[in-house]
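Student: Protein chains in written order, with the numbering used here: chain A, 1 to 492; chain B, 1001 to 1427.
Warning: the hint list may mix true and false statements.
Partial list, computed: chain B residues near chain A (C-beta under 7 Å) [unchecked claim]: (1) S1008; (2) S1009; (3) L1013; (4) L1027; (5) A1059; (6) T1081; (7) Q1087; (8) A1088; (9) T1123; (10) V1211; (11) G1225; (12) E1312; (13) R1419; (14) D1423.
BS3-like mimics (lysine-lysine), calculated; alpha carbons at most 30 Å apart, straight line [unchecked claim]: (15) K299/A with K315/A; (16) K1313/B with K171/A; (17) K315/A with K1358/B; (18) K1276/B with K484/A; (19) K324/A with K197/A; (20) K371/A with K245/A; (21) K1276/B with K490/A; (22) K316/A with K1313/B; (23) K315/A with K1391/B; (24) K394/A with K171/A; (25) K394/A with K371/A; (26) K484/A with K1313/B; (27) K164/A with K298/A; (28) K490/A with K1215/B; (29) K25/A with K4/A.
No wet-lab data here; the hints were simulated from the structure. Just so you know, even glycine gets a beta-carbon here, dropped at the ideal spot from N, CA and C.
One letter stands for each residue in the lines below.
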Amino acid sequence: MITKVRPHLSQNEALLFERSSPGKKAYQLPDLDVPAVDPAEALGAENVREAIEGFPEVSEVEAIRHFTRLSTWNYAIDHGMYPLGSCTMKYNPRINELVARIEGLAWAHPYQPEALSQGCMRVMASLESALAEITGMDAVTLQPAAGAHGELTGILLIRALLEKRGNPRRKILIPDSAHGTNPATAAIAGYAVENIKSSEAGVLDVGALEQLVTEDVAALMVTNPNTLGVFEHNIVEAAGILHRKGALLYMDGANMNALVGIARPGDFGVDVMHLNLHKTFSTPHGGGGPGAGPVAVKKALEPFLPVPRLRRSGKKLAWDYRRKHCIGRVRAFYGNFGVLVRALAYILAHGGEGLRNATVDAVLNAVYIRKQLEPHFDLPYASPNLHEVVFSDKRQAAHGVHTGDLAKRLIDYGFHPYTVSFPMIVHGALMIEPTETESKLELDQFIEAMISIAGEAASDPQLVRNAPYGTRTSRVDEVTAARKPVLRWKPE
Amino acid sequence: MLRACGVSSPDELFAHLPEAVRLNRPLALDPGISEYEIVDYFRARAAENAHGYASFLGAGVYNHYRPVLVDAVVSRGEFLTSYTPYQAEISQGTLTAIFEFQTMICQLTGMDVANASMYDGSTAVPEAAMMAARSTGRSRVLVARGVHPEYREVLRTYARNQGMPVEEFGYVAQTGAIDLEDLERRMGSDAADAALAAAVIVQSPNFFGVVDQVKSAAEIAHRHGALLIMVFTEAVSLGILEPPADADIVAGELQSFAISPSYGGPFAGILATREKYMRQMPGRLVGQTNDARGNRAFCLTLSTREQHIRREKATSNICTNQALIALMATVFMTVYGKRGLRELAERNMAKARYLAAKMQPRFSGPFFNEFVARVEGRTPEDLNKVLLKKKIVGGLPLGRYYPELADCMLLCATEMSTRASMDEVRA
Chain A
1 MITKVRPHLS QNEALLFERS SPGKKAYQLP DLDVPAVDPA EALGAENVRE AIEGFPEVSE
61 VEAIRHFTRL STWNYAIDHG MYPLGSCTMK YNPRINELVA RIEGLAWAHP YQPEALSQGC
121 MRVMASLESA LAEITGMDAV TLQPAAGAHG ELTGILLIRA LLEKRGNPRR KILIPDSAHG
181 TNPATAAIAG YAVENIKSSE AGVLDVGALE QLVTEDVAAL MVTNPNTLGV FEHNIVEAAG
241 ILHRKGALLY MDGANMNALV GIARPGDFGV DVMHLNLHKT FSTPHGGGGP GAGPVAVKKA
301 LEPFLPVPRL RRSGKKLAWD YRRKHCIGRV RAFYGNFGVL VRALAYILAH GGEGLRNATV
361 DAVLNAVYIR KQLEPHFDLP YASPNLHEVV FSDKRQAAHG VHTGDLAKRL IDYGFHPYTV
421 SFPMIVHGAL MIEPTETESK LELDQFIEAM ISIAGEAASD PQLVRNAPYG TRTSRVDEVT
481 AARKPVLRWK PE
Chain B
1001 MLRACGVSSP DELFAHLPEA VRLNRPLALD PGISEYEIVD YFRARAAENA HGYASFLGAG
1061 VYNHYRPVLV DAVVSRGEFL TSYTPYQAEI SQGTLTAIFE FQTMICQLTG MDVANASMYD
1121 GSTAVPEAAM MAARSTGRSR VLVARGVHPE YREVLRTYAR NQGMPVEEFG YVAQTGAIDL
1181 EDLERRMGSD AADAALAAAV IVQSPNFFGV VDQVKSAAEI AHRHGALLIM VFTEAVSLGI
1241 LEPPADADIV AGELQSFAIS PSYGGPFAGI LATREKYMRQ MPGRLVGQTN DARGNRAFCL
1301 TLSTREQHIR REKATSNICT NQALIALMAT VFMTVYGKRG LRELAERNMA KARYLAAKMQ
1361 PRFSGPFFNE FVARVEGRTP EDLNKVLLKK KIVGGLPLGR YYPELADCML LCATEMSTRA
1421 SMDEVRA
């Protein structure tokens, strides 16, 4: 029985290019208060283009209806639970949106004089110090635009420090449970990647680590809690092994929502880490971005942070561009400021105690799901979990139903799927992260749905394999999309 | 819930964490505050910034009008609070909008394929350079000094550990356009393979606002087997300027398309290229296909290029795109459309020429809405001080980026610049 949803009508809508007609417009411009210019004369005729072939021509009403109709084809946090593991899809408070749009902040130009930018700079300074306190690190840069960009920044910092010590070294160690961005980042930073197999308990194997850490290893990149939602309880020991060999410990902070207020990476041996403000700190994912990926470091790495750095100059803040050891810039200007404003609003709203409570609720929700679903799904790792839990499709696969099928069926029950087939160390993984956002009511509906689907997988596997049924778009042929790529509209 | 979880207190959920890692004190942060206190806090910060000033700053971030439809659309929770559209059946809204975005970027730039957006223009440049290196099997990159100085800094940060030497070539002192002879000289002729350039990177309009000689640069690059990467920071210029038909890769910044300056971000970058380089392109791509009922549908595609599949062999480590910002740009392009974007571009040209008329433009090359002016009798910084007293933020002094232009500033006028404020600058 599906209780959360029932079908309703949705509008069809053609592409903008198909519904355009010549002469329609949705814009207004005021009368020109200066003399007009002839483009060909001003730019040279050879520099002036013809009309933009195929560009849209629609009215204002058509434009708003177009995008509104499209919007109704999306699932979103505002509709309900979004249990994507490792993505931390929590509620995006609307107050964040309001404050990010305050004119003096939203319309601040990055090159306006520092004396007229003190408000922006104070927002950034406050966020830097809050994140340093939350992570237990000594310094923070807000420049990186996203998580993977933060990873790159962090690894470049490690390289710079090791270079200064005389040898940048050659390798980065990465557990097999890591996000794909970790090895890709190491490669971009010019390092070879060596994978470490997780232990039977699904955590770092310190014995194996001891063997692998040589003078050739620059760093270990570890996610903690890892992608199974399990806290790496050997982390202090691992840090010791690395540090004794002159290597560093990088932490991917994607799962920081399990630790805020409970444990601080800076206190357990981490040298450098990034945070995903669009996960832990509630800034909206927006269908894939923008994010922000601040990087927090220990003192030894501070001299290498990207320019410019915020610096106090009397009562004022200033940008410091002269830092001789810095790795350079990782992007233009100072970072995704609008995202930083939202994250600071979230921190201010919660305060220290509120942040810790959010962590506790997030973990409680995940453990509750685990306990309720354990009788129905295979749990490959028995270690206690924090903010997320990973099952496998082993029992359902016996009926020919795989994690991807279960996920698609979940759509019919009114939920966004969990993360499918990740981490790779679990065959047929179902990775579930509820976050603190969900009430017991929503969790119970989710649990009910999962149990019902497990039943369907046994009694009517075909039903699950062909799901979803209730959506306006049924299963999408991704194979053809990749085989014969059509990446833009063209007239018939 | 606690009982169901088999614990008697929330703290027990963390009992398995080693004692040594636990934080045994509250975080040293102020207590939480209410909604209106948060609004007050940020209003107070905003008041510490410039307010009520006219501004002639451009230099990669432009002050254009933002049609109200843009915010109306991106404020919808269905767009704002959804995840990356991996689950195509319940993400057709985002996927369709991105497909339209990719199409419009192709129409604007004259390229065959565009991705679903990059972090920003500055990071799109090194991604384009790495793409060129993969495509040509070469590594050296030549970049014009007319490319945004901060973009060049980002390029160097990325290139340093890629075995990718970056060399700059100059501009002609009189015109402000690229020095084609200098470029030709640095291309090398029959040097060893390792010294051959993978890419030539030029910006148009360049950092000085000058419409640059992309075609000639492309001709030189191609003659030497290198790719031409064309960069833009002022997207509105594409409404009037000939698209870079001779470029192999276009890397640009869309901030001008209804994205508020927001002290430097978030913005959205683009990467567009020819079909033959499609599989070397990093970042997310949306493709058209059908669903099981035979209806047109869209999905993320060609993901075998990407890090979650390829790991260390991926085209890039990039994961995030800027979907919501790209959506802003999509709505902007829809609102202005075919005629409007051109009209807007012409307005910008007219305003900038009005401002330039009584200043002393430093370069003779044709410009769009920005230009370099020489300041006489005082430093650009001193002129700005005078203007600030009239509630005007003047131009960007160029000495920090170009020591030889220490007596110059970069000024920008857009459709938002009023005649009255421009008259103040000239006075």
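Student: Each hint: holds or not?
Tutor: Hint check:
| no. | hint | in the structure |
| --- | --- | --- |
| 1 | S1008 | violated (13 Å) |
| 2 | S1009 | violated (10 Å) |
| 3 | L1013 | holds (5 Å) |
| 4 | L1027 | holds (3 Å) |
| 5 | A1059 | holds (6 Å) |
| 6 | T1081 | holds (4 Å) |
| 7 | Q1087 | holds (5 Å) |
| 8 | A1088 | holds (4 Å) |
| 9 | T1123 | holds (5 Å) |
| 10 | V1211 | holds (5 Å) |
| 11 | G1225 | violated (25 Å) |
| 12 | E1312 | holds (4 Å) |
| 13 | R1419 | holds (4 Å) |
| 14 | D1423 | violated (10 Å) |
| 15 | K299/A with K315/A | holds (24 Å) |
| 16 | K1313/B with K171/A | holds (15 Å) |
| 17 | K315/A with K1358/B | violated (39 Å) |
| 18 | K1276/B with K484/A | holds (14 Å) |
| 19 | K324/A with K197/A | violated (39 Å) |
| 20 | K371/A with K245/A | violated (41 Å) |
| 21 | K1276/B with K490/A | holds (18 Å) |
| 22 | K316/A with K1313/B | violated (46 Å) |
| 23 | K315/A with K1391/B | holds (23 Å) |
| 24 | K394/A with K171/A | violated (35 Å) |
| 25 | K394/A with K371/A | holds (18 Å) |
| 26 | K484/A with K1313/B | holds (23 Å) |
| 27 | K164/A with K298/A | holds (16 Å) |
| 28 | K490/A with K1215/B | holds (26 Å) |
| 29 | K25/A with K4/A | violated (41 Å) |
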